[in-house]
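**Q** What follows is each chain in one-letter form.
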Amino acid sequence: MNRPANPPMPINFHANVRRVVANPVLRASFRGAMDFLTAKRATQFPDANAFETLRAQGEQIRQYALSRLPDLLEQLETNLTRNGIQVHWAQTPDEACRLIIDIASRAGGGLVVKGKSMVSEEIELNHALEAAGISALESDMGEYIVQLAGEKPSHIIMPAIHKTKEEIARLFADKVPGVEYTNSVDELIQIGRRVLRDKFRDTRVGLSGVNVAVAETGTLCLVENEGNGRMCTTVPDVHIAITGIEKVVEKLEHVPPLMTLLTRSATGQAITTYFNWISSPRRDGEMDGPKEVHLVLLDNGRSTAYADERLRATLQCIRCGACMNHCPVYARVGGHAYGTTYPGPIGKIVSPHMLGLEATRDLVTASSLCGACGEVCPVKIPIPDLLLQLRQQSQGHSKAPQLPGAGSGHKTLQSIAYRLFAGLYSRPALYRIFGLLATRLRAFSPNQQGAWTRSRVPLRPAGHSLHERMKSRNGAKVK
Amino acid sequence: MSVALNEVRSYPAKPGDVYLFGTCVLDLFDPDAGVSAASLLENSNISVHYPQDQTCCGQPAYTSGFPDAARQVAARQLHLFAENWPIVVPSGSCAGMMRHHWPRLFEDDPALGPLAASIAARVFELTEFLLHVVKATWPQTGANERVVLHTSCTARREMGTHLSARALLAQIPNVELVLQDHETECCGFGGAFSVKHPEISAAMASDKIEAIEATGAATMISADGGCLLNLNGTLEKRGSTLRGQHIASYLWQHAKDAA
Amino acid sequence: MTPPSVARERILSRLRAAPQIVMTAPAVLTSPAEQSPETMLEQFRRGIEAFHAEVIDARERTWPIVLAEICATKRIATLMLPPVGMVNLQPWLDGPRLSRFDRPIETLKTELFDATNASLTIADGAIADTGTLIQSDPQRMPRTLSLVPPIHICLLDVRHLYPSLQSAVAATRWAEAMPSNLIFITGPSKTADIQQTMAYGAHGPRELVVLLTEDL
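Chains as they are written, first to last, in numbering that gives the first Met the number 0: chain A, 0 to 478; chain Z, 0 to 258; chain U, 0 to 215.
By construction, these hints were calculated from the structure, which means they are not laboratory data. Remember, it's a predicted structure, so these values are computed and weren't measured experimentally. Take the hints with a grain of salt, since some may be wrong.
Cut-off 20 Å, straight-line C-alpha distance, at most; resulting in silico cross-link-like pairs (PhoX-like, lysine-lysine) [stated by the list, open to error]: (1) Z:K195 - A:K410; (2) A:K164 - A:K151; (3) Z:K255 - Z:K134; (4) Z:K134 - Z:K13; (5) A:K198 - U:K108; (6) A:K174 - A:K164; (7) A:K198 - A:K174; (8) A:K198 - A:K164; (9) U:K73 - A:K290.
Label pairs and their computed distance ranges (CB to CB) [stated by the list, open to error]: (10) A:Q189 - Z:R8: 54 to 62 Å; (11) U:L215 - A:T42: 17 to 25 Å; (12) A:R309 - Z:A169: 36 to 44 Å; (13) Z:E209 - A:Q85: 51 to 59 Å; (14) Z:S9 - A:R309: 36 to 44 Å; (15) Z:A217 - A:Q189: 48 to 56 Å; (16) A:K174 - U:A24: 49 to 57 Å.
We treat Cβ as the ideally placed atom computed from N, Cα and C, and that holds for glycine.
Go ahead and model the full structure; you've got the sequences and the hints to work with.
**A** Written out as structure tokens, the structure reads:
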């Protein structure tokens, strides 16, 4: 098979970043989109205490489900099978792709029409399908635009967030047969609608992701606004759903709180246009619905994260994207710079168990630990704390079970620097001498201080340290 | 974690003595702020004790993934606060480290663990201490001025003290406090982040500065030395005349002017 | 490639080998207090209108008359109805051509996708706090009938309102016998994928009209 393996080399994050921060159009696009989503979300959570209560509930539901994950997965499988939905398990992206290719081939589908699924991006399904002679067509408007441009999504909820209206207008005029340039958003959407409608009608295989799977009933819950998700899961003969093994909850009554947290956090809506809860293929007496429904459960490193009690919290994620919408780093660099399927803060903490710490070593350091992500997370994932954990693992300083690539962030010079830091700052007498020297020799502070002085003047100590000044003074009083 | 983030804290009565933990950044780069913090406290009849053996809270190593180095440094600070006095820290970020992360750093240490936890409970960021414990007030002084406050992310999200800094400034009758656009956003410092990812850090700092300059305020205040190193270093490089001032220096100046 | 059964065993055994964290089940989640039918109806109406749906109160008149007016105003030429027995409606003078979703979709696709202006469905109930219609029985209301035609007209018996999704889940006891497909509809199809500008009629209906009635 001719699909790229996991990145063997570290993602070239720095080079990607330099390209974006130098591009004012792109930065304005991201800033505008982030501000829009942030403001919309804020309208949905006007009361901080109510939000805390709701997200504590969301956290509890997700943590409880994870605490029983293997049991719930078996229960889910039993109930889905009873309902007539076929369940498949995949350890790796490769296994997942092959399962899907097999199902699609048997269904005689030369084309798979896809609803939005980040897990399908994670396994690079489109490449795999094409290599197997099967076309894949994205039907979510944002995904369709991105596919037409030969790109990848830059945001997990709004895939084409990096593109301006004019860029999309140009793209449609260039790539869609018979289309004249128009920058009317309504017209552009109607163009997409026309192209995709024919495909929904005639395609034999539809694919979708899953927002939540319910163990007690054997139900797949999907959330969307456009209706393409319902098309993909309803009109074709065969519906293939793919999801990560972490997306299961125990009871149907656990779904409403998670759904409301998801839609409010993601796009600032109390609810999306469609909630689509699928529990079986077409039953006798029904006039429509797929004749076959399949669920592919993907591991791809999730069980490795699960083994670490702290990193397990990464699996609480419901993929709302609020962390990236509020992230000052994401707002500056955009989704593509990360080089991973999942960008932003959540991407920094889930990509290491999918791709290893070596490939992602520049991602775990790319945070000022400002905490904005943790503050908005609807299921209270302590993202900054997890970044600290991952930095420790990256340096080889963690006692926890190790992710692949642990210790790969180790650099001798950096290690020496922190050893010196520890040696100096744990010896008060030595430190005071250092302070004396640094302040007395301030005129000799170097003018070039590495990366610091690229955008700042050099650091130059004061004439006398606080230690000295506190020693030489008696309490001051304003009379 | 032993102390919940941003918890509603109950504050003690005004004590006779406090420790001042000056922070490594102020020690070398802005000692005026440290001295001003001491003066503000003394001015309210509190004796300030500055342990000469203090160095650093260990945060630089901690946030870079070097917990052993952080522990080695932090362990040396744990014995400096023998009396049961409050420990006042003129920095949200160092106070956050001491209050929230020291207990975790020593959680497996039977001797130092309980000590770290007991110290954590006594750590106060300067502005919360002035507002809630000292209950300091300022009389009318000087001409009216527009002041813009930059709150650090740790003050905001770990210590909940962004509001106390704002409340203190709001108490000064002739100060008009203005908010910058994207006020809650990080200035891009983040310790080692600023040199590991200089392009991102610089973009964040320059956006923050533009937002601050757009307020038209002549004075910029922050309660965090790290943010000030970053913002002032960038301002000077850009040739701007605006400089940020530590809130301790600003408040002490007002107290002196009023006298 | 490892056989599928092996993948399953390996994943489950890795999960079972991980440290066990014992947690109590989340407390039963509370629903909003009971509300009066008028309050809920008002809430429903405001909710779904905020999502760009049109709500027409047909309780004072018989709904087929109101429907006829809508068809005339919106120049609906072809209207598809659910299977026989679900809704009683006869063709009327100058009204649209009526068809029925009375056979499997395989033989109905061209008509449904390319030759139907509007559909008429009946909701099984609605959720007040979000303004959401419920369709819970694909045998009575085929799934695609509320999805494919550009205009969706939905009859709602105002006596079947639930305060919230949570209370609907509890009251209907769906968990005991899940419908093959449970659909919640809040407004017409939409997207903001192009530069955050909202556009309606992305892939599903461009318009959603809700007829309130007590006469079904």
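**Q** Tell me the numbers of any earlier hints that the structure contravenes, in ascending order.
**A** 8, 9, 11, 14
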